[in-house]
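Peer 1: Per the working numbering: the sequence shown = residues 39 to 134.
In case anyone wonders, no lab produced these hints; they're calculated from the structure. Among the clues, some could well be false.
Once the Cα atoms are required to be at most 30 Å apart in a straight line, the calculated BS3-like pairs of lysine-lysine come out as [to be verified]:
{"#": "1", "residue 1": "LYS50", "residue 2": "LYS104"}
{"#": "2", "residue 1": "LYS101", "residue 2": "LYS71"}
{"#": "3", "residue 1": "LYS53", "residue 2": "LYS116"}
{"#": "4", "residue 1": "LYS104", "residue 2": "LYS67"}
{"#": "5", "residue 1": "LYS50", "residue 2": "LYS67"}
{"#": "6", "residue 1": "LYS71", "residue 2": "LYS116"}
{"#": "7", "residue 1": "LYS117", "residue 2": "LYS50"}
{"#": "8", "residue 1": "LYS44", "residue 2": "LYS68"}
{"#": "9", "residue 1": "LYS50", "residue 2": "LYS71"}
{"#": "10", "residue 1": "LYS68", "residue 2": "LYS111"}
{"#": "11", "residue 1": "LYS104", "residue 2": "LYS75"}
{"#": "12", "residue 1": "LYS53", "residue 2": "LYS68"}
{"#": "13", "residue 1": "LYS68", "residue 2": "LYS104"}
{"#": "14", "residue 1": "LYS68", "residue 2": "LYS116"}
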Amino acid sequence: MSIIIKPIITEKITKDGELFNRFGFVVNKKANKIQIKNAVEAAYGVTVVNVNTMNYRADRTVKYTKSGLISGKTAAYKKAVVQVQEGETIDFYNNI
């Protein structure tokens, strides 16, 4: 089971990374906090202090256009915010 799907790179998460050493990831829906902690430590070589998880539901949208109704749906996902130890960081931009 692949635990980490992709990192989240937004303005808010980037600011949290600089100020509080917190980094966001989209993770597998069935993964728990211990599995997420072990996966991040193995992938990035850092010490994880805290893990917070959030489940996002699928949102349905309906648009009214000239050609009729268009319905759509966004995917449901699980987000994990990981806090690493003071002095350590994760660099998503340099793959060394």
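Peer 1: State for each hint whether it applies.
Peer 2: Verification of the hints:
| no. | hint | in the structure |
| --- | --- | --- |
| 1 | LYS50 <-> LYS104 | violated, 37 Å |
| 2 | LYS101 <-> LYS71 | violated, 38 Å |
| 3 | LYS53 <-> LYS116 | holds, 21 Å |
| 4 | LYS104 <-> LYS67 | violated, 38 Å |
| 5 | LYS50 <-> LYS67 | holds, 22 Å |
| 6 | LYS71 <-> LYS116 | holds, 11 Å |
| 7 | LYS117 <-> LYS50 | holds, 14 Å |
| 8 | LYS44 <-> LYS68 | holds, 15 Å |
| 9 | LYS50 <-> LYS71 | holds, 22 Å |
| 10 | LYS68 <-> LYS111 | holds, 21 Å |
| 11 | LYS104 <-> LYS75 | violated, 49 Å |
| 12 | LYS53 <-> LYS68 | holds, 28 Å |
| 13 | LYS68 <-> LYS104 | violated, 41 Å |
| 14 | LYS68 <-> LYS116 | holds, 9 Å |
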